[in-house]
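Participant: Read off the chains here:
2 protein chains.
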Amino acid sequence: MREVYLILADAAVELVPPEIRRHPAVLTNASRRGKSPAEILLDKSIHYPAMKRLKDHEKRGRPDIVHVCLLNAHSSRLNREGLLRVIIHTIRGEVIEIDPMTRIPRNYLRFTGVMEQLLVKGRVPPKGDTVLMRRLGSRLRDEIRNRGIDFVVLLNEGGTLITPRRLAETLAAHERPAFVVGAFPRGDFSEEVYGVVDQVYSLGNMLLDAWYVVSRIIASLEDVVGVWDK
Amino acid sequence: MREVYLILADAAVELVPPEIRRHPAVLTNASRRGKSPAEILLDKSIHYPAMKRLKDHEKRGRPDIVHVCLLNAHSSRLNREGLLRVIIHTIRGEVIEIDPMTRIPRNYLRFTGVMEQLLVKGRVPPKGDTVLMRRLGSRLRDEIRNRGIDFVVLLNEGGTLITPRRLAETLAAHERPAFVVGAFPRGDFSEEVYGVVDQVYSLGNMLLDAWYVVSRIIASLEDVVGVWDK
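Each protein sequence line maps, in turn, to chains X and C. Under my numbering, the first residue of the first sequence is numbered 141, with each subsequent residue one higher. Under my numbering, the first residue of the second sequence is numbered 141, with each subsequent residue one higher.
Worth flagging that the hints you see were computed from the coordinates, not collected in a lab. A hint or two may mislead.
Identical chains blur together in the list; that is why a pair holds if it fits in one copy or across any two.
Below 35 Å or equal to it, Euclidean Cα-Cα: the simulated DSBU-like pairs (lysine-lysine) are [unchecked claim]:
(1) Lys-267 / Lys-184
(2) Lys-195 / Lys-184
(3) Lys-175 / Lys-267
(4) Lys-184 / Lys-261
(5) Lys-175 / Lys-199
Note that the structure is a prediction, hence the values are computed from the model and not measured.
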């Protein structure tokens, strides 16, 4: 294995959509933050009253899930050794690349600010040579092909049962494997995501939180690759 | 091993202290939330201008660290199997017990609301038979003795180098072991915490984030105890 990709898929991260930008819950929140409703992140904990009329609303408005997944992934020894790459695929189909050295904001409000900048401007920071996060113009399928990702596993409670250790061994047997974790609270993966997957596995007959699946698989990858033996 | 304790030590969680309750950064934040300055959690991301005059200010005002550690611990398979107990020891020396079945609020603002209730009222919820979180009157040393904790390891980058796997094996060789992770951003553990520790270990010659250390040790404990083999 040269490097392993974590794909946070159908991530519940998006700007407030046009249909609800005039809802009082959105307008109040936007004006308090001194931003336009089109420039703020959809957040169920704040915009819940407005979200009921949105399609698939149970699957949306949870940037906190991506936040904790990124904190876990970026703090890992696997990432520090340069073996991990993270891609966010959002519920809108956008694909976001993150520099592995990026320090993810610890504070949730700072994190949402960064994600808003990313979704409005297309990159963070908006100018300059250094790019920490970038929205790519491509689709998920193209990114997987262009990067030479040769094996894609998706984690879902309906998949074939496997232990974290065995999964890590299976991934590590490839040059550039990827594991896909859903970064949304409820519902199923999109057709687009299923379309790029080679194999569906499950870590147990129970719903597991995304951030736990992320750190759990990274831990076993660390053991299999031997980052602690150095 | 019957059960293992995670002790989140010197946790940077406290109510705004009296010295800075009249600072504009605190007053604005409190009035916006409709609370008294004595009832809100000290948070560096909000109260930074007020905190400069506090003793040990670099070590304080970071409830986000405990939040992510708790999310990781409570979502783990080890916890779901009933093998993990979590205790928070705060920078003020308070000891907090959390029911293992507690669903930690995913949203940071909700989490701070719960911690404020806990520190003001002493328990969550404030009334009724069910207690999810409780502030114990005792000191850390007493809790360790009363619960029959028979081996306490502290993680610190200055300790004896050990791999997560070897550490998990060392812990699991005891009936009721505990591992201590610092839930503060900078500085050293308090004398009180060092006073209860049998052994100091390090997972590597680098600063590791608390939430990563928590999930990393839990993962190896899961492997050693064999929770995935069922």
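Participant: Against this structure, judge whether each hint is valid.
Facilitator: Evaluated hints:
1. Both within a single protomer and between protomers do Lys-267 and Lys-184 lie at most 35 Å apart by alpha-carbon distance, with minima of 30 Å and 28 Å respectively.
2. For a Cα distance limit of 35 Å, the shortest separation of Lys-195 from Lys-184 inside one copy, 14 Å, qualifies, whereas the shortest one across copies, 37 Å, does not.
3. With identical chains, the CA atoms of Lys-175 and Lys-267 are at most 35 Å apart within one copy only, with a shortest distance of 20 Å there and 40 Å across copies.
4. For the homomeric pair Lys-184 and Lys-261, the shortest alpha-carbon distances inside one copy (23 Å) and between copies (28 Å) are both at most 35 Å.
5. In this assembly of identical chains, Lys-175 and Lys-199 lie within 35 Å of each other by CA distance both inside one copy and across copies; the values are 25 Å within and 32 Å between.
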